[in-house]
Amino acid sequence: MSEKSKKIAYWFFTLWLSLGMVSTAIVQLIKLPEEVEKINQLGYPTYFLTLLGVWKLLGVVAVLTPNFVLLKEWAYAGFFFAMSGAAISHIVCGHAFGEIFPSLLLLSLTVISWYLRPEGRKIKS
Numbered sequence: 028m029s030e031k032s033k034k035i036a037y038w039f040f041t042l043w044l045s046l047g048m049v050s051t052a053i054v055q056l057i058k059l060p061e062e063v064e065k066i067n068q069l070g071y072p073t074y075f076l077t078l079l080g081v082w083k084l085l086g087v088v089a090v091l092t093p094n095f096v097l098l099k100e101w102a103y104a105g106f107f108f109a110m111s112g113a114a115i116s117h118i119v120c121g122h123a124f125g126e127i128f129p130s131l132l133l134l135s136l137t138v139i140s141w142y143l144r145p146e147g148r149k150i151k152s
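Take any residue in the sequence shown, count from 1 to its spot, add 27: that is its number in the working numbering.
These aren't lab readings, by the way, just hints derived from the structure by calculation. Just so we're clear, the structure is a prediction, and the values are computed from it rather than from any experiment. Any given hint could turn out to be false.
To be verified - Result set (DSS-like, lysine-lysine): computed pairs, CA atoms no more than 27 Å apart in a straight line:
id, residue 1, residue 2
1, 149, 58
2, 151, 65
3, 31, 149
4, 65, 149
5, 34, 149
6, 58, 151
Claimed, not checked - So the derived label-pair ranges between C-beta atoms look like this:
id, residue 1, residue 2, range
7, 28, 121, 21 to 29 Å
8, 150, 81, 20 to 28 Å
9, 121, 74, 35 to 43 Å
10, 152, 108, 33 to 41 Å
11, 50, 97, 36 to 44 Å
12, 30, 60, 44 to 52 Å
C-beta: ideal position from N, C-alpha, C; glycine also.
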């Protein structure tokens with residue numbers, strides 16, 4: 028893959044990831060009744076929606092902002108833990124694939140965006 032193609036792919040997946048995280052964060056922060064019901068079915072308290080929503084918004088800012096490479100790594104890790112945890116929670120509760128898929132999609136976008144990130148957005152070893 029050429030450097031230009033990699034950069035285009037990175038921004039494509041990163042912007043979709045950001046859009047997904049922002050849209051779900053808004054739904055969580057306004058505590059849409061369906062979202063409250065879903066989080067309670069999973070066994071989590073309602074206030075967890077506020078935590079997730081704020082963390083997602085801060086993570087998107089970290090991923091999209093230039094510099095702050097270590098902060099980006101933490102944001103990607105947070106997205107990975109949140110989305111894998113959501114998928115596992117849905118699986119354990121016996122939810123249908125339609126309930127699990129959004130978490131798996133955001134998890135996939137997280138991994139792809141992280142993998143394709145340019146050298147300037149990686150920690151130097």
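Against the range 20 to 28 Å, how does the distance between the Cβ atoms of residue 150 and residue 81 compare: consistent or not? Given a distance of about 25 Å, which is inside 20 to 28 Å, the answer is holds.
Would the pair residue 151 and residue 65 pass a check requiring their Cα atoms to be no farther apart than 27 Å? Violated, because 40 Å separates the two Cα atoms, which is more than 27 Å.
Residue 30 and residue 60, beta-carbon distance inside 44 to 52 Å? Check passed, 47 Å falls within 44 to 52 Å.
Satisfaction of hint between residue 58 and residue 149, Cα-Cα up to 27 Å: violated, 35 Å
Does the hinted range 36 to 44 Å hold for residue 50 and residue 97 at CB? Since the Cβ atoms of residue 50 and residue 97 sit about 27 Å apart, the hinted range of 36 to 44 Å is violated.
For the hint 35 to 43 Å, verify it against the beta carbon of residue 121 and that of residue 74. violated, 25 Å
For the pair supplied as a hint, residue 58 and residue 151, is the alpha-carbon distance within the 27 Å limit? violated, 40 Å
Honestly, do residue 28 and residue 121 meet the 21 to 29 Å range at C-beta? Between residue 28 and residue 121, where Cβ atoms are some 40 Å apart, the hint is violated.
Given pair status - residue 149, residue 31, alpha carbons within 27 Å: Holds, because 17 Å separates the two Cα atoms, which is no more than 27 Å.
Taking 27 Å as the top limit, are the C-alpha atoms of residue 65 and residue 149 close enough? violated, 36 Å
Next pair to validate is residue 34 with residue 149; report whether the Cα-Cα distance is within 27 Å. Holds. Residue 34 to residue 149 sits at ~14 Å (cutoff 27 Å).
That 33 to 41 Å hint for residue 152 and residue 108 (C-beta), does it hold up? Cβ of residue 152 to Cβ of residue 108: about 23 Å, so the range 33 to 41 Å is violated.
The structure shown violates the earlier hints numbered 1, 2, 4, 6, 7, 9, 10 and 11.
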